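There are 2 protein chains.
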Amino acid sequence: MRWSRYFLPTMKDTPAEAQIASHRYMLRAGMVRQNAAGIYTWLPMGLKVLSKIADIVRDEQARAGANEVLMPTVQSAELWQESGRFDAYGPEMLRFEDRHGRTMLYGPTNEEMITDIFKRDVQSYKNLPMNLYHIQWKFRDEVRPRFGVMRGREFLMKDGYSFDVDKEAAELAYKKVFISYLRTFRRLGLTAIPMQADTGPIGGDLSHEFLIQAETGESEVFFDSAISGDRAFTEDLTSDAELEAAFDRLTSAYARTDETHESALFDAQVPEDRKVVSRGVEVGHIFYFGTKYSEPLGATVSNADGQDVPVHMGSYGIGVSRLVGGIIEANHDDDGIIWPSEIAPFGVGIINLKTDDAACNEACDALYAQATAAGLDPLLDDRDMRPGGKFADMELIGLPWVITIGPRGLKDGMAELKNRRTGEKQDVALADVLASVSAG
Amino acid sequence: MRWSRYFLPTMKDTPAEAQIASHRYMLRAGMVRQNAAGIYTWLPMGLKVLSKIADIVRDEQARAGANEVLMPTVQSAELWQESGRFDAYGPEMLRFEDRHGRTMLYGPTNEEMITDIFKRDVQSYKNLPMNLYHIQWKFRDEVRPRFGVMRGREFLMKDGYSFDVDKEAAELAYKKVFISYLRTFRRLGLTAIPMQADTGPIGGDLSHEFLIQAETGESEVFFDSAISGDRAFTEDLTSDAELEAAFDRLTSAYARTDETHESALFDAQVPEDRKVVSRGVEVGHIFYFGTKYSEPLGATVSNADGQDVPVHMGSYGIGVSRLVGGIIEANHDDDGIIWPSEIAPFGVGIINLKTDDAACNEACDALYAQATAAGLDPLLDDRDMRPGGKFADMELIGLPWVITIGPRGLKDGMAELKNRRTGEKQDVALADVLASVSAG
Chain E
1 MRWSRYFLPT MKDTPAEAQI ASHRYMLRAG MVRQNAAGIY TWLPMGLKVL SKIADIVRDE
61 QARAGANEVL MPTVQSAELW QESGRFDAYG PEMLRFEDRH GRTMLYGPTN EEMITDIFKR
121 DVQSYKNLPM NLYHIQWKFR DEVRPRFGVM RGREFLMKDG YSFDVDKEAA ELAYKKVFIS
181 YLRTFRRLGL TAIPMQADTG PIGGDLSHEF LIQAETGESE VFFDSAISGD RAFTEDLTSD
241 AELEAAFDRL TSAYARTDET HESALFDAQV PEDRKVVSRG VEVGHIFYFG TKYSEPLGAT
301 VSNADGQDVP VHMGSYGIGV SRLVGGIIEA NHDDDGIIWP SEIAPFGVGI INLKTDDAAC
361 NEACDALYAQ ATAAGLDPLL DDRDMRPGGK FADMELIGLP WVITIGPRGL KDGMAELKNR
421 RTGEKQDVAL ADVLASVSAG
Chain C
1 MRWSRYFLPT MKDTPAEAQI ASHRYMLRAG MVRQNAAGIY TWLPMGLKVL SKIADIVRDE
61 QARAGANEVL MPTVQSAELW QESGRFDAYG PEMLRFEDRH GRTMLYGPTN EEMITDIFKR
121 DVQSYKNLPM NLYHIQWKFR DEVRPRFGVM RGREFLMKDG YSFDVDKEAA ELAYKKVFIS
181 YLRTFRRLGL TAIPMQADTG PIGGDLSHEF LIQAETGESE VFFDSAISGD RAFTEDLTSD
241 AELEAAFDRL TSAYARTDET HESALFDAQV PEDRKVVSRG VEVGHIFYFG TKYSEPLGAT
301 VSNADGQDVP VHMGSYGIGV SRLVGGIIEA NHDDDGIIWP SEIAPFGVGI INLKTDDAAC
361 NEACDALYAQ ATAAGLDPLL DDRDMRPGGK FADMELIGLP WVITIGPRGL KDGMAELKNR
421 RTGEKQDVAL ADVLASVSAG
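Quick mapping for you: the protein sequence lines, in order, are chains E and C. Under our numbering, the first residue of the first sequence carries the number 1, and numbering increases by one thereafter. Under our numbering, the first residue of the second sequence carries the number 1, and numbering increases by one thereafter.
Hint data in this document are derived by calculation from the structure and do not stem from the laboratory. No experiment lies behind these values; they were computed from the predicted model shown. Each hint should be verified, as a subset may be incorrect.
Identical copies carry no separate label here, and so any pair may be met within one copy or between two of them.
Under the rule of at most 20 Å between Cα atoms (straight-line distance), these lysine to any residue pairs were calculated in the SDA-like manner [what the hints assert, rightly or not]:
1. K275 / D258
2. K48 / I135
3. K12 / S225
4. K119 / D335
5. K48 / R58
6. K48 / W137
7. K411 / T10
8. K126 / D382
9. K48 / M11
10. K52 / I135
11. K119 / A37
12. K48 / D59
13. K126 / D59
14. K119 / R5
15. K354 / G306
Model the full structure from these sequences, guided by the hints.
Structure representation (structure tokens):
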């Protein structure tokens with residue numbers, strides 16, 4: 001992409017309303033603009049990152065055998081009245097009437113709706129296990145939306161739902177998602193720590209939250225550092241026994257948020273040199289809740305003995321739009337964002353220092369074409385403005401690599417290559433510069 | 001994908017509520033399920049087709065130089081009050097209050113919001129032309145939703161907006177989109193006819209609708225058959241002059257819906273043997289409306305003379321979810337859907353006639369692996385059920401090619417290959433069958 005043809009409006013000054021780094025940088029780097037409290041438009045670069053995250057989530061869901069569906073944002077109140085949550089949910093649920101006076105709502109979550117979808121088409125245990133998910137916008141009418149996309153009102157979430165014939169199978173499904181979530185976060189360049197959690201308004205008796213460490217996190221977290229390097233994060237598990245073992249290993253180490261923390265237990269279980277007390281951002285939350293929804297909504301399947309039994313369910317959420325903020329909280333410096341390469345909006349930035357110089361333009365155009373052909377997805381800063389502004393903007397938007405081409409170096413066939421994360425700069429022959437990026 | 005692991009619940013019987021072919025087949029082929037009047041869940045196969053259509057739209061938007069953004073579904077009423085449309089829009093707009101009593105709405109379209117986004121970050125003609133689009137769910141509270149996704153309440157739309165410094169540039173932008181839309185529909189396997197249109201509630205003075213022919217279409221259409229084979233549909237235009245010429249050529253032939261039809265003019269302009277009177281489904285609508293929104297909302301840019309002038313705008317819509325229905329209306333027979341290959345949910349179906357036969361399973365698994373490796377994206381029907389049901393289901397879901405493997409043919413190393421559109425069947429050596437699919 002050429003910056004001159006891309007809607008990527010950067011800002012020099014920090015907007016007064018932004019209290020945390022991700023909010024500041026998402027506004028300054030032209031990723032989002034606010035339309036109303038907690039409601040945002042995603043500009044092209046923000047949307048590109050959001051889509052990359054969603055695609056990685058999708059890919060790992062497919063690997064775990066889940067099927068993607070798409071439920072609507074607007075729901076009828078009826079199923080929520082049947083489950084008892086319509087009155088229980090509170091003012092965070094946006095309710096309204098349609099033109100015929102029917103009570104509707106903007107879905108904050110989809111347990112009721114997916115249970116209804118399931119029960120209409122699945123009657124037998126032979127179709128199980130089943131895991132259905134969607135990536136859809138939700139609305140929760142937070143009383144004080146803040147921190148940009150980290151606590152917005154309209155937000156993008158992956159929510160998945162598992163269906164099994166009994167508790168044992170359902171717990172296995174839960175553990176499978178548990179491991180799949182760790183893989184997903186790892187692919188996003190994050191180390192997410194699974195923590196024992198309360199079940200809250202979803203209900204149920206088994207639940208974990210996944211938190212990434214960030215100074216600005218809303219929760220205080222306490223964990224055993226031994227947890228954060230398990231091979232189950234990255235390796236495929238080949239049997240149920242291996243899955244069970246990985247789950248047991250990963251949940252045996254102490255890891256809790258302030259909601260469930262017990263000091264005495266922490267002291268007793270964790271050696272002093274492995275104790276981590278930090279702050280975290282919740283990026284995922286999973287629940288096993290058995291027949292809490294299937295019973296009132298009548299979602300039964302026939303089991304192997306021919307008996308109709310209510311299906312056992314779990315639900316599994318990843319905050320997709322929140323992750324954009326979370327990743328920036330975990331990856332930035334004073335100059336801007338530092339994207340992990342997996343989700344960087346462009347693979348490499350090319351700065352043309354002098355757009356009124358024919359040789360510079362020619363060299364930049366050629367490099368841009370080569371980088372595109374090599375699949376590096378370059379962003380060429382071809383704007384007619386001073387070098388200082390270009391350097392600052394490129395730091396701000398945080399692409400992993402930046403190649404700078406100016407008339408001085410060009411005379412000797414040289415370009416400058418900078419690694420955004422390490423800050424390391426080197427002069428490289430123009431002919432070799434893309435190979436250095438690919439190798440890096 | 002293996003059918004046994006895919007949530008693809010087909011129905012034998014025609015649901016009573018479905019009056020038209022696309023609605024019937026989308027329900028029967030397990031593509032959608034209704035949640036409330038005009039509100040649907042997209043099951044995996046439906047979502048896959050919807051995503052393929054959206055990706056083609058996206059690809060052609062990028063080719064035309066448009067930038068993708070994503071605006072929220074929920075909007076504040078304020079901008080609509082400034083433009084005067086909040087009161088004008090009528091009961092199709094879903095309005096509600098948030099917990100703080102602020103008036104909000106579920107966006108039926110986004111002229112106001114995009115104008116506001118634009119004006120905050122663009123001040124100079126040097127940043128123009130600009131075309132911003134998004135693909136987002138909309139809500140229009142139709143009094144009588146019907147025909148499945150063809151006239152739903154929550155629906156997916158691509159809406160784009162162009163910004164130019166003056167009328168001349170804006171009209172050129174309009175013509176560029178006009179041609180780009182014809183290309184888009186052609187890539188979807190459709191011949192869409194552009195028709196002179198009224199501007200309706202969007203306003204403005206230049207507008208075209210794009211209709212595809214379908215017996216069940218809501219509009220009567222009258223056009224000159226000379227219009228439907230222009231090379232501009234498929235070839236890249238290389239200059240503004242060529243663009244202008246193509247637009248003039250494509251709009252000079254008579255083509256109108258019942259809303260704007262004039263019999264006398266039709267008779268005078270179109271030779272008898274080129275007259276087409278038919279029915280059509282609207283799949284796109286474009287508008288040039290000048291400064292209708294930029295003036296009340298104060299979206300100005302400085303022009304080359306340094307004067308601040310209101311920006312000239314157009315808006316451009318494609319009904320993405322409606323297209324799924326429209327394409328089925330134009331591509332089906334009595335047995336089911338016949339997908340154009342560009343958007344078929346899978347490239348080829350493989351029917352295993354005998355899942356309790358080791359040789360059949362082995363041959364099917366091997367073919368499935370080869371087809372996957374060849375990028376043919378196969379669907380393997382590995383369900384334990386009778387052949388008759390499998391054949392009927394495969395016809396219903398309408399994949400372009402079906403390979404059937406049974407014990408009898410397998411003894412001689414043969415499979416049956418069927419072309420869904422022509423109905424032609426042939427026995428092909430198992431070793432050659434994928435080559436026949438790729439060549440077809």
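Hints, verified against the model:
no.: 1; hint: K275 / D258; result: within (15 Å within a copy, 75 Å between copies)
no.: 2; hint: K48 / I135; result: both (15 Å within a copy, 13 Å between copies)
no.: 3; hint: K12 / S225; result: neither (39 Å within a copy, 56 Å between copies)
no.: 4; hint: K119 / D335; result: neither (52 Å within a copy, 27 Å between copies)
no.: 5; hint: K48 / R58; result: both (15 Å within a copy, 13 Å between copies)
no.: 6; hint: K48 / W137; result: both (16 Å within a copy, 18 Å between copies)
no.: 7; hint: K411 / T10; result: neither (31 Å within a copy, 67 Å between copies)
no.: 8; hint: K126 / D382; result: between (59 Å within a copy, 13 Å between copies)
no.: 9; hint: K48 / M11; result: within (19 Å within a copy, 38 Å between copies)
no.: 10; hint: K52 / I135; result: both (13 Å within a copy, 16 Å between copies)
no.: 11; hint: K119 / A37; result: between (37 Å within a copy, 19 Å between copies)
no.: 12; hint: K48 / D59; result: both (16 Å within a copy, 14 Å between copies)
no.: 13; hint: K126 / D59; result: neither (25 Å within a copy, 41 Å between copies)
no.: 14; hint: K119 / R5; result: between (49 Å within a copy, 17 Å between copies)
no.: 15; hint: K354 / G306; result: neither (77 Å within a copy, 25 Å between copies)
In terms of the numbered hints stated before, the structure departs from hints 3, 4, 7, 13, 15, listed from lowest to highest.
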